[in-house]
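J.: Listed below are the residues making up each chain.
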Amino acid sequence: GNSVTQMEGPVTLSEEAFLTINCTYTATGYPSLFWYVQYPGEGLQLLLKATKADDKGSNKGFEATYRKETTSFHLEKGSVQVSDSAVYFCALREAASGGGADGLTFGKGTHLIIQP
Amino acid sequence: NAGVMQNPRHLVRRRGQEARLRCSPMKGHSHVYWYRQLPEEGLKFMVYLQKENIIDESGMPKERFSAEFPKEGPSILRIQQVVRGDSAAYFCASSPPVGRTYGYTFGSGTRLTVV
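So the protein sequences, as listed, match chains A and B. Heads up: the first sequence is residues 1 to 116, going by the working numbering. Heads up: the second sequence is residues 1 to 115, going by the working numbering.
Within a straight-line C-alpha distance of at most 25 Å, the following computed PhoX-like cross-link-like pairs (lysine-lysine) qualify:
hint	chain 1	residue 1	chain 2	residue 2
1	A	K56	A	K68
2	B	K27	B	K71
3	A	K56	A	K108
4	B	K44	A	K108
5	A	K52	A	K108
6	A	K108	B	K62
Worth flagging that the hints you see were computed from the coordinates, not collected in a lab.
With the rest of the complex left out, here is chain B (with noise of 0.2 Å):
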């Protein structure tokens, strides 16, 4: 049984490139999370998705950051016209449907460096 699958492992990109993060859960699993993990800081949340749905996106910039979990294939994180400041180690995670017992499983983190 996989674990939560993220690629590519590194990214690098020219500023005002597009940058696409893919995660594939756990087998099981319905919800996915996505944070982001600046140098020497804690995680941030950016938002949490289930099928087809965002259903909170609380944590993500306004501007330039979406995400989605379609129906078929991986979540995706897409960052539009790349700055500096969005490189980071992005993680997701996964869970199942129910439970606080339950906690995350996480990848192992996209590493984006904006050159």
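If we strip away everything but chain A, and leave its shape as in the complex, we get (with noise of 0.2 Å):
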């Protein structure tokens, strides 16, 4: 089956650093991949996402590259936020029709600390 492995947080990092969150994947056909964000409180929102090979999602300062060598969705940012502060959980989806618990697999999130 599907599944999403993400690097295990807290991450916790200064204002102004780099920012990596790894994330790999297994998927039996071609999936597209997604990046959500989840602020204190709040529901789950889409960050960005990426349908192919070598598509590289962007927003908000965020990217990640799709690559299928590696199975790799890895996102970066530049220099990030107290505002960034979150949780930030990895995604893949496969199924055509959407169906059931393979249609949107997670991985289980990383809590992302930024301090001043």
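Reassemble the complex: the two chains are provided individually, in unrelated frames, and hints are given to aid placement.
T.: So, in structure tokens, the structure goes:
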């Protein structure tokens, strides 16, 4: 079955530091890949996505490149801010019809803490 | 175009009572998913529904939990005879009928506290 593995947190960085959150996946087919962000007390928001190999998703200064050869989708940001403190979830979706638990598979989430 | 609407935002129930959580999907979305998030844990899939059909309930506890998505009205997640361990954030998400390129749109969640 499909699975997503993220680096465990919490990840603590100083403001303006470079961020990488690793994400690797296992899929039987050809998935689309997503990063979601959850701010404290809120639901998940789609941060960025990539739908085919070598695509780069980007939003709000965050980037991730779909690497089929290494089955990875690492999240990066050049200079983090305190407001980036949140939990980040990597996810994949493979089923053409959105079927059930395999429709969107999440990693366990990485808690990011940015200190001023 | 309103997003996924969940209500109530916060719900407090005494042990043994029933909890009803509502979710209205985005306009045009016919697929609804419920997830549970326990403190300091990730998202756990519970159930996937389409209108009047439960497609996959493999993540639902066998007892006390049920879900529906009627032809008219919101999707309902029902928890009967709640216990303290049911305290969690429950998130609903919706998606269009087809397309692996679509992610889900999530609601803001219902935070259930059982006292």
